[in-house]
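Colleague: So the chains spell out like this:
Protein chains: 2
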Amino acid sequence: MNIAILGYGVVGSGVVEVINTNKESINMRAGREINIKHVLDLRKFPGDPIEDILTDDFDKIINDDDVDIIVEVMGGLEPAYTFVKQALEKGKSVVTSNKELVAKYGAGLLQLAKENSTNFLFEASVGGGIPIIRPLNESLTADEIYEITGILNGTTNFILTKMEEEGRPFEEVLKEAQELGYAEADPEADVEGHDACRKIAILSSLAFARQVNFEEIPTEGITKVSKGDMEYASKMGYTIKLLGRCKRKGKEIFASVSPVMIPLEHPLAPVKDVFNAILIKGNVIGEVMFYGKGAGKLPTASAVVADIVEAAKHKGINIISHWSKEKVEMMEAGKIPASYFVRVQKKDGVKEIIEDTFLGVKWVENEDYPEELAFITQEDEEDLQKDRFEKLKDHAYVISSINIEG
Amino acid sequence: MNIAILGYGVVGSGVVEVINTNKESINMRAGREINIKHVLDLRKFPGDPIEDILTDDFDKIINDDDVDIIVEVMGGLEPAYTFVKQALEKGKSVVTSNKELVAKYGAGLLQLAKENSTNFLFEASVGGGIPIIRPLNESLTADEIYEITGILNGTTNFILTKMEEEGRPFEEVLKEAQELGYAEADPEADVEGHDACRKIAILSSLAFARQVNFEEIPTEGITKVSKGDMEYASKMGYTIKLLGRCKRKGKEIFASVSPVMIPLEHPLAPVKDVFNAILIKGNVIGEVMFYGKGAGKLPTASAVVADIVEAAKHKGINIISHWSKEKVEMMEAGKIPASYFVRVQKKDGVKEIIEDTFLGVKWVENEDYPEELAFITQEDEEDLQKDRFEKLKDHAYVISSINIEG
Chain U
292 MNIAILGYGV VGSGVVEVIN TNKESINMRA GREINIKHVL DLRKFPGDPI EDILTDDFDK
352 IINDDDVDII VEVMGGLEPA YTFVKQALEK GKSVVTSNKE LVAKYGAGLL QLAKENSTNF
412 LFEASVGGGI PIIRPLNESL TADEIYEITG ILNGTTNFIL TKMEEEGRPF EEVLKEAQEL
472 GYAEADPEAD VEGHDACRKI AILSSLAFAR QVNFEEIPTE GITKVSKGDM EYASKMGYTI
532 KLLGRCKRKG KEIFASVSPV MIPLEHPLAP VKDVFNAILI KGNVIGEVMF YGKGAGKLPT
592 ASAVVADIVE AAKHKGINII SHWSKEKVEM MEAGKIPASY FVRVQKKDGV KEIIEDTFLG
652 VKWVENEDYP EELAFITQED EEDLQKDRFE KLKDHAYVIS SINIEG
Chain H
292 MNIAILGYGV VGSGVVEVIN TNKESINMRA GREINIKHVL DLRKFPGDPI EDILTDDFDK
352 IINDDDVDII VEVMGGLEPA YTFVKQALEK GKSVVTSNKE LVAKYGAGLL QLAKENSTNF
412 LFEASVGGGI PIIRPLNESL TADEIYEITG ILNGTTNFIL TKMEEEGRPF EEVLKEAQEL
472 GYAEADPEAD VEGHDACRKI AILSSLAFAR QVNFEEIPTE GITKVSKGDM EYASKMGYTI
532 KLLGRCKRKG KEIFASVSPV MIPLEHPLAP VKDVFNAILI KGNVIGEVMF YGKGAGKLPT
592 ASAVVADIVE AAKHKGINII SHWSKEKVEM MEAGKIPASY FVRVQKKDGV KEIIEDTFLG
652 VKWVENEDYP EELAFITQED EEDLQKDRFE KLKDHAYVIS SINIEG
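The listed protein sequences derive, respectively, from chains U and H. Position one of the first sequence corresponds to residue 292 (the working numbering), numbered consecutively onward. Position one of the second sequence corresponds to residue 292 (the working numbering), numbered consecutively onward.
Since the hints were derived computationally from the structure, they do not count as laboratory data. What you are looking at is a predicted structure, and each value in this text was computed from that prediction instead of being measured. Take these hints with a grain of salt, some might be off.
Because identical chains share one entry, a pair is satisfied inside a single copy or across any pair of copies.
Stated by the list, open to error - Lysine-lysine pairs mimicking DSS-like chemistry, simulated, CA-CA at most 25 Å apart:
id, residue 1, residue 2
1, Lys563, Lys526
2, Lys572, Lys604
3, Lys637, Lys515
4, Lys314, Lys542
5, Lys604, Lys405
6, Lys604, Lys616
Let's have the full structure, built from the sequences with the hints guiding it.
Modeller: Below, the structure written as structure tokens:
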């Protein structure tokens, strides 16, 4: 079974490393020998063991009838999309770690794979090495899933963990994460929540078997989370995590990405550093959680190679997945239920205004911040909460507000 | 697609309930309608909706060519084994939740399914609703797994959690668990570790693709865990869990079931009450953990029904599993590395004897137990540790000893 790897970056070189390291057991599991025939990259890698099979010409790969499986680990939408489409049309299996590609074109590419009796597999696109795509497709099939909550981005979880444990501000920890290679030079995709947003869109699409557009998911990153917020959280027995969330409410679905205060007893609270975890609730299974390293060269490569093994075991047989292009009915952003933890500057009369505006709040004491009032609102529709914040801002300075889950 | 359910007990009636509750989505996932054609039980269920399809005659089922899938949820070795074998020989798929059956005959039944181009599926035999069998078979295939550690029994985890949180002794909490229906009238299989032993044998066999005999796994239950041990654990920042463990060391494997003190930072420490979790370490993925309800009617039925969906999707196509009858090379029990937490009655000269015997220990202070000496041993081979305990007992009264990790 011959494979071609598109892209010899971190994940691509990891795939080569994993296949070489565990050759014997991988071939046993696949039931045949996995042979890397081509590696596509525009760069040169003089002296690298793959030098002899390196090419910059995709046509050579797509026209090689001996290539059964294409491994797309280049990232980005183009030319990845064009290459993947061509491969599936030729009946080759495709394995990818590319979440942008999957979030945007997943439904169509699965359909194309089905039409060509081949497979489009993307375990590595969410949660790095954590098996989550295959369990959703093949293990949780007895359930109606009604909620998914995940820590889906390792970089931001590392930053929040450091902020909490070392009492340091966001900017300082971000810099350290960049130095350690945990955050990119341009950290926007991670810290603004775009990466988590694509991942929760993919998980929701699979759970509900229909298209959830990532563009329609309200997304907020962690840049506004302050040292003070963290201190309040600790004092209250909470922690702050960047959560991708998706819930079914009646016929509608709502999804969001934002920092959320969760109690320490929450199953996601102990998930620290670069680890990811995904909590799924189903109407018969109750709750299940999947936990592991959500990023990194080898964990991601592990998921890619497991997909290669699946593809090898299913040559010519489409593995049925359910993710149609038909759109899920999404709840309007303004109707999504939300409750907030809020810090306000103390001033005469503000307490009464808060109680009148928010119709019942839970006050939070923190003697380290004597100049502040802090409270937790009831849960209500986002639009109504927004109005209340507008009203409050006419009378007081709102220091920060953050989603809270009870 | 017609199914027959063997056994209308807790799990069997759960399977009927799940199929009825989620009919629409289950049929969508299976790609065809799942119809319950027979239920086998020697008892009568007057007034029950399944009354019309109830039979006490297995021959009627095995000779019905319209039955595609047999769901064995009777438990016990016989007649379950005979029925399952006959079904596979007839080319019917078999789904089971029966861990005794799987631990003892799994390798042979998988082989038989392969020979007959059908499937033998047993997701529900370990970890109730938690997807763990399919991830091991199909998702963690890029890795060489070198360690599995699991909280595999809900009853004992419930008892240990209550003992810890409420400071109550084992016997008292066991009685409560029985009243709540979490423990059987005859609790031996749970509290003596036999249930966990079969489950770790199944997981290890799949991870190493060869037979691990449950009879060869040293197994100790939780009956000797005392209130005092729990208090020491809390004070030390540890908790006590009944762990099924399996590790690869070189070419050899060793496995065990016993109560173990683990630090609160351990990923399994927050797993409480009837929840189960399985932590797997692979040489490329690092560590992954699967968490959820390990028992109970609906979670277990969820796993059974997910297997029915898989069987329906793979009619006539064997899903490749790797678990040969060839035995894994097991390390002698006496060579297994172990460290202990030990409590000894204070007496003149005992401290010196302990230090001489155990060649370096870590002393543990606990002012609540002024009449005791407590210490942690270094890790060493079980046989050597046993000799040391024998020697110590000549000079002092050993109150308790318990495995400790990490």
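Colleague: Indicate, hint by hint, whether the structure satisfies it.
Modeller: Hints, one by one, checked against the model:
Taking the shortest alpha-carbon separations for Lys563 and Lys526, both the intra-copy value of 18 Å and the inter-copy value of 24 Å come in at or below 25 Å. When the C-alpha separation of Lys572 and Lys604 is checked against a cutoff of 25 Å, the pair qualifies only between copies, where the shortest distance is 24 Å, while the shortest distance within a copy is 30 Å. With identical chains, the CA atoms of Lys637 and Lys515 are at most 25 Å apart within one copy only, with a shortest distance of 21 Å there and 57 Å across copies. Taking identical chains as interchangeable, the C-alpha atoms of Lys314 and Lys542 lie at most 25 Å apart only when they sit on different chains, with a minimum of 17 Å there against 47 Å within one chain.
Taking CA atoms no more than 25 Å apart as the test, Lys604 paired with Lys405 passes in both settings, with 16 Å inside one copy and 14 Å between copies. Only between protomers do Lys604 and Lys616 lie at most 25 Å apart by alpha-carbon distance; the minimum there is 22 Å, versus 27 Å within a single protomer.
Consistency with the previously given hints is maintained throughout, with no hint failing.
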